[in-house]
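Read off the chains here:
Protein chains: 4
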Amino acid sequence: MGLKTKEEYIESLRGMNPTAYMFGQKITNVVDNPRLRAGIEATAATYEVAEMDEYKDLAVTQSPLIDEPVNRFTLPPSSIEDLVARVKLNRKLGAYVGTCHQRCTGLDCLSTLSIVTYDIDQKYGTHYYDNFVEFLKYMQKNDLTANAGVTDVKGDRSKSPKDQDDQDMYVHVVERRDDGIVVRGAKAHQTGSLSSHEIIVLPTRAMRKGDEDYALSFAVPADAPGLIHVVGRSSLDMRELDGCDIGNIRYSKYCPTLIFNDVFVPWERVFMCGETEFAVEMVVRFSSFHRQSHGGCKSGKIDCMIGTALTMMEYNGTTKAGHLKQKVIDMIHRAETLYGCCLASSYEGKQEPSGTYFIDTVLANASKIHEGKEMAEAIRLMVDVCGGFVADMPSDRDFENPEIGSLVKKYMKGADGVPVENRIKLYRLAEKLALESADTISDIHGGGSPEAHRVTIFRETNISEKKYAARRLAGIES
Amino acid sequence: MGLKTKEEYIESLRGMNPTAYMFGQKITNVVDNPRLRAGIEATAATYEVAEMDEYKDLAVTQSPLIDEPVNRFTLPPSSIEDLVARVKLNRKLGAYVGTCHQRCTGLDCLSTLSIVTYDIDQKYGTHYYDNFVEFLKYMQKNDLTANAGVTDVKGDRSKSPKDQDDQDMYVHVVERRDDGIVVRGAKAHQTGSLSSHEIIVLPTRAMRKGDEDYALSFAVPADAPGLIHVVGRSSLDMRELDGCDIGNIRYSKYCPTLIFNDVFVPWERVFMCGETEFAVEMVVRFSSFHRQSHGGCKSGKIDCMIGTALTMMEYNGTTKAGHLKQKVIDMIHRAETLYGCCLASSYEGKQEPSGTYFIDTVLANASKIHEGKEMAEAIRLMVDVCGGFVADMPSDRDFENPEIGSLVKKYMKGADGVPVENRIKLYRLAEKLALESADTISDIHGGGSPEAHRVTIFRETNISEKKYAARRLAGIES
Amino acid sequence: MGLKTKEEYIESLRGMNPTAYMFGQKITNVVDNPRLRAGIEATAATYEVAEMDEYKDLAVTQSPLIDEPVNRFTLPPSSIEDLVARVKLNRKLGAYVGTCHQRCTGLDCLSTLSIVTYDIDQKYGTHYYDNFVEFLKYMQKNDLTANAGVTDVKGDRSKSPKDQDDQDMYVHVVERRDDGIVVRGAKAHQTGSLSSHEIIVLPTRAMRKGDEDYALSFAVPADAPGLIHVVGRSSLDMRELDGCDIGNIRYSKYCPTLIFNDVFVPWERVFMCGETEFAVEMVVRFSSFHRQSHGGCKSGKIDCMIGTALTMMEYNGTTKAGHLKQKVIDMIHRAETLYGCCLASSYEGKQEPSGTYFIDTVLANASKIHEGKEMAEAIRLMVDVCGGFVADMPSDRDFENPEIGSLVKKYMKGADGVPVENRIKLYRLAEKLALESADTISDIHGGGSPEAHRVTIFRETNISEKKYAARRLAGIES
Amino acid sequence: MGLKTKEEYIESLRGMNPTAYMFGQKITNVVDNPRLRAGIEATAATYEVAEMDEYKDLAVTQSPLIDEPVNRFTLPPSSIEDLVARVKLNRKLGAYVGTCHQRCTGLDCLSTLSIVTYDIDQKYGTHYYDNFVEFLKYMQKNDLTANAGVTDVKGDRSKSPKDQDDQDMYVHVVERRDDGIVVRGAKAHQTGSLSSHEIIVLPTRAMRKGDEDYALSFAVPADAPGLIHVVGRSSLDMRELDGCDIGNIRYSKYCPTLIFNDVFVPWERVFMCGETEFAVEMVVRFSSFHRQSHGGCKSGKIDCMIGTALTMMEYNGTTKAGHLKQKVIDMIHRAETLYGCCLASSYEGKQEPSGTYFIDTVLANASKIHEGKEMAEAIRLMVDVCGGFVADMPSDRDFENPEIGSLVKKYMKGADGVPVENRIKLYRLAEKLALESADTISDIHGGGSPEAHRVTIFRETNISEKKYAARRLAGIES
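If you're matching them up, the sequences are chains A, B, C and D in order. Per the working numbering, residue 1 is the first one in the first sequence, and the count goes up by one each step. Per the working numbering, residue 1001 is the first one in the second sequence, and the count goes up by one each step. Per the working numbering, residue 2001 is the first one in the third sequence, and the count goes up by one each step. Per the working numbering, residue 3001 is the first one in the fourth sequence, and the count goes up by one each step.
These are computed hints drawn from the structure, not numbers from a lab. Backbone N, C-alpha and C fix where the C-beta goes; we use that ideal spot for every residue, glycine too. Be careful, since some hints might not be right.
Distance condition first, Cα-Cα at most 30 Å in a straight line; then the derived DSSO-like pairs of lysine-lysine [unchecked claim]:
no., chain 1, residue 1, chain 2, residue 2
1, C, K2320, D, K3320
2, A, K88, A, K373
3, A, K409, D, K3162
4, A, K320, A, K209
5, B, K1123, A, K88
6, C, K2320, B, K1373
7, C, K2056, C, K2137
8, B, K1162, C, K2410
9, D, K3209, A, K410
10, B, K1006, B, K1088
11, A, K209, D, K3162
12, D, K3373, C, K2373
13, D, K3006, D, K3088
14, C, K2320, D, K3137
15, B, K1159, B, K1141
16, B, K1092, B, K1350
17, B, K1092, B, K1137
18, D, K3006, D, K3092
19, A, K92, B, K1123
20, A, K137, A, K159
21, C, K2092, D, K3162
22, B, K1162, C, K2004
23, A, K141, A, K92
24, A, K26, A, K56
25, B, K1410, B, K1320
26, C, K2123, C, K2004
27, A, K162, D, K3092
28, A, K159, D, K3410
29, A, K373, C, K2373
30, B, K1056, A, K350
31, B, K1092, B, K1410
Chain B is nowhere near these chain D residues, computed Cβ spacing over 10 Å in every case [said to hold, decoys possible]:
no., residue
32, E3011
33, G3210
34, K3410
35, S3449
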């Protein structure tokens, strides 16, 4: 028990036996599958940095619950400092792994439950908060990683859960037993579900009376019987399987669809079951936390893209091109506005009745709207600065080919004095940063789609105060 | 002594006798000139809110220097809380006055001097900090307003101060006497100089050896002999003089050019004189503080524009138009990203050797870049939502005309139940918010032109860290 | 008869006696009112260029109707070449006057009527086309200017014309007589109505059964009894009245609200009366023509702003600043995409049953959407390049003041060798180009508000073709 | 001889024997390699449409040179109509193949040579134009496809060709023989080089005195000895090799690096050799033609993305979401402004001395700048509308898996009544449209990088005319 090293974390995953499929085949050794491993390594980085001097202060903190040092990713924020540290650690990790480290979603769930289970108990006299606290102790003591099972597959979007032709389009209770419940449904975009020890499920939308079976939150181990991880495709997935032209030589991201094919959940792992009016609170809390997590790690990813762009300028011999420097500044500007807005939402956080701290919703959502548009622009700018070989560069296998290898390398030469191998490697990284769909699509849809962020800031804004300000200056009595 | 009421502030200006011109005429009664008065009222609001329950906590604070309550606009930040309160107070005031309140620049100067005079003394054994502290006590004890004399007229922009054909293009010392110095030159865009008791001068750019006469900082009363305020034109200035169709019925902004026609400054009011290498520090500190001030008040101005847009939708009968609501959300998004980034630069501030706190430069400048582009967009969105009568609405004089008044009013009717007078007033406000050049041009050029903000974030960013992150992920040794 | 000179045009206006008010006062001499004259001069430029070698080929063309040379602004396009010439002439004139020349709306009405009256007659056996042809001959033979009375004041936007509390919110027939009709209502934003000989009225929206009295088109002289021109306010209007700090020393724009206070229209001047289903066709034709007119003249206005920006760089000594050159390129890019898209809509035009040519609606509306956003950006870029004195520059009266004039001028010096007067004049022009609300608000709302342009391109696009293309590539049978 | 059918075209490629490598392996059967075949099919579509009623009029035209019907992609434009038809055909093909058809570059080269070889001969009395005409006859009579060898690998970008450490960084003459020349170097991003019969080489930049060996243009068969095609990587390349989850089931794009390893070129195939001052003309002509080609086909690709977005809304049950419809309108707006600007550059074309028509350079480059930014935005909008499954969707192999297939399909259900297979296929297409790097990177860098387009519009714009317009309105004499 206690903090795990990176190696201990990876070994702990070997001890699990999840049901997983990829490209139509069952995966029996998750840890050594190169595609999944690249994702596991990204999560492993969250363990690694907890031992590194540069990051330790941000990554390790004292749990008031178990009174031991824990990894920040198992600690619901108990102060403004904790809220702030989330963002700073995420930015550092975003730059460190150049992709998604995949451990924020679990923390976002723990933080949400730490607020909402308490509120439900206050209203209904239930014991979800106790369940949650026990679960949290277990997570902290064992330094575990959890995954957020939030996004239901949703079926026909124009219909509510119980109006669907197929009632399983949202995860729901199909059986209530003395010892627990049986659940069915599927969650999409389960980033890092096979890198996780636990899957935490929250509802994906507001529920109304009649939706009781869908107003559901619980946790199960990632290898619970009936749970099936189907690893989805991403643009560059086969590069990792193939072990060639990978780009980011250390880390990657994968996102299964997770099928709950009648999975049993004991009552002590249930955190909500039927209290429909709290579904919306779970969604809003989680999505706000998660949209904010993005602000941290994505500004870190832009840092990495800025580094790529500037280094490529050196490798290409274009450091003196003023217009390229302007584009790098445009990238910095995007990283900082995203980071700043996200950071402010931490500093402006407030304590909830359970004692946990919650961020400022408007600022958190504003930062995610910003990300949705500006990450795409930051990527476009990086590609513009780097040049055309972000696509079409010959394969490392071509460079290694005895007949043509030296010839191909000869023509990949850049600035004098720069080893051609470095330039080739950097172009591969740029390609990965720009074109890995598991990352780029999440810039847009991660934490809910853009319209959700927009609706949120409108709902949470103090409209009447603003209208009063206008009327007063116009001289309108009212 | 002590905090002034709004009325005492206005009376205190009556006691001054500045040399002022507008439209070629000498202004002898500044306070009762309707154009200048509208600006004075905006500054007066900073005194007014200090007495209002809603704002008092932000606006009044305890000075560690004089150990008395002071208006925040006379207090160099002595804590993170002070840095944060700056932004929040500016946002509140921005919404309250719907324009520039014109008192932030003085605070930005005081804050800058509070850092840099100390640093100069540390290096040179000079006594600028003592001078400054005495001056600050005077400002605080009398609750005075100061103006920032920063932007020199600059002459030929391709030349440094001393290479200009006319040596007066940057304010400089023309005579050193036992009791003080005589200075000459001109400062442009002196927002609210006639609403101020004191003019604080800082250099506008970095200086080099040989520029000693230009490396200059001091303070003089706004009515010092030789000081000439020439009030410049702004787009809607004659509306205020004419007393008709004003829009914002309470407040406005005006910006003189300030000519130092051989003005004497006693040594005790000199804060730098010849220490060329500190000129750049003064500029960077001041402009960063001031760019951040913008982030606060301009997000407040957007609040006011959002209120205008939403109220106009009610007045026009367009509240159900989904596309207009989307545009309002776009406005909210801009207000919040601007505010968030600006706020973060406060929270991330650090203490300087003198004890004063300084903001995070990158975040402050990033927020100003954001303002430069996004304020224009927020205005465009407000105009889009409000409709075409932001221009071309008949004058109040037409509405009052006995022959056509009732007819013209009849046709200005909007949604049923809304008094037509209210709709007319609100359109006038929208016109003022969108088209007052004293405000809108400052969105772009205030605190230095956009390129200056960009250069700053590039210079202050940790480039090598970002490049290392990229190389590591690409697998490049170095 | 025949083509009028600029002087003859102005004299012809002297012969009219319209009822006009401005700022609550009746205007008896329209032509010599400096504000109105500046607008009249802009329209006069359309007469002037018809005599200038550089423009003549575009501006003068042969009328197939009267078989005489006519000014292009009286000729409904009878070929693709005519459609193209519209755009090219508008661009040239936009750069020539640096504002709106105000004669395009009349042509847009004539072009619309030339199509739709024919279509109505085909369906109903009415004689509107004959009425129109006679009217057109009169316009062409006398080289007259017409104004487009399209935008009704609209009242409560959530209600249709006949559901309004006040039935006069849309211009309608209040009496049908043997010799004609009597109409009542008001039209807003009547650019140049006092520079026009004739007012042509078209409906502003689609009409339905029951709206017969509102499905109305006709023409009346600008001085018809009962017609009242109430000149609205624009941001810089008093500068012209005051004769000082005008900026564009030659031209300007003004936009009355036009009240039809029971105006009699003889039947031979009625072009539609009750054929409700053709109202939408009139609106769509007119607004598409007019949105396209904008694409021409506004790209010409950007040309003028580019010239201002580049000249100001010379005057300020900033010609070597690479970032400013980039901004000028951004302006050129906007001018050309706007122009190109608009031009294409002419080249892709088609002949209608009446023989008149109509533009491509999608391209015309796409160019207007582009204008709505990009003109604001082009202005922002110009202001960025020019610098802060776009606001706040002292008045010419200050420069002329004997006490401070030479001092103020001294400090307005820019690059060596540039007369300071030129720099001052150019800043005034930049101010006018950036801040004249009669122009800038029209960039957004002219030709209908942005949402109208958007709805149009969606409705007119071939959706099923695009969907088929996607399904085919995805391998979806259907 | 004469027009080839699609099948004849493919067969003709079987008759060639190019030296090709991919992923380190020699490709002996180009035509049946699934990745290359998908590209060949896209080019084959240009043959197929020449036989289809819907496209024939655009795709087939009469050659004045051989007086026979030819495919438009072998005809240098001999009229404005030809210039226009280029754009329209490219748009149609862009929507038809949903990617790059890869045959435009050859036409852009032929068009360029048709102008510049004539100009060189006029100056030097050389016979390049004769060589070219013979070559063109051969291309037309055999309905061949050519590829544009323009983009040299460039080595150190801060150095000119002959200053490079390795003199081979730009293709150059290494030996002059009686019967021809021997050339060495490499060209990057050779879209469709293995789908081509001929490779046409043009210089990639301006040349100066001393660069004679680099001022070079010629044509060689794609299987010329010494010519090595090294097929580069693109993001989704392995999908095609793997035959699974392809998305666009018909077409794709690939881009080799082409190495000229001492390739012999007979004199009759040489079109420029040493006339350094004409290198820039070749580049400017070619790149302008090619930037314009993009405007056509990319607006066609957006058409296909619009169809995807709208169909996905039906499949997801989101057709009533107003905000999604707004995003589709934003996509239409981008397609049309791109198309319109590009089309205008054709209509505004002019005849060159050789008789060939050339487009308007400013409009063509403006449209490419627009593409560089707006294609990325159009893609982002499509992804936003489609939803998160643009990434992470399980593989077709998962759907086919007997254990989990039906379960996975069950959860991919969308709107009632839509076969789940269709939804899955459409998401795959969206993924391909959004994430195929061979396409998306070319949106930015195709036809030269963005800065090149910008420099071009600045250089080609009439600056002095614009400056004069500003001075005249400001009242500045000069």
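Hint by hint, which ones does the structure fall short of? Violated: hints 1, 4, 5, 11, 14, 15, 19, 20, 21, 22, 24, 26, 27 and 31.
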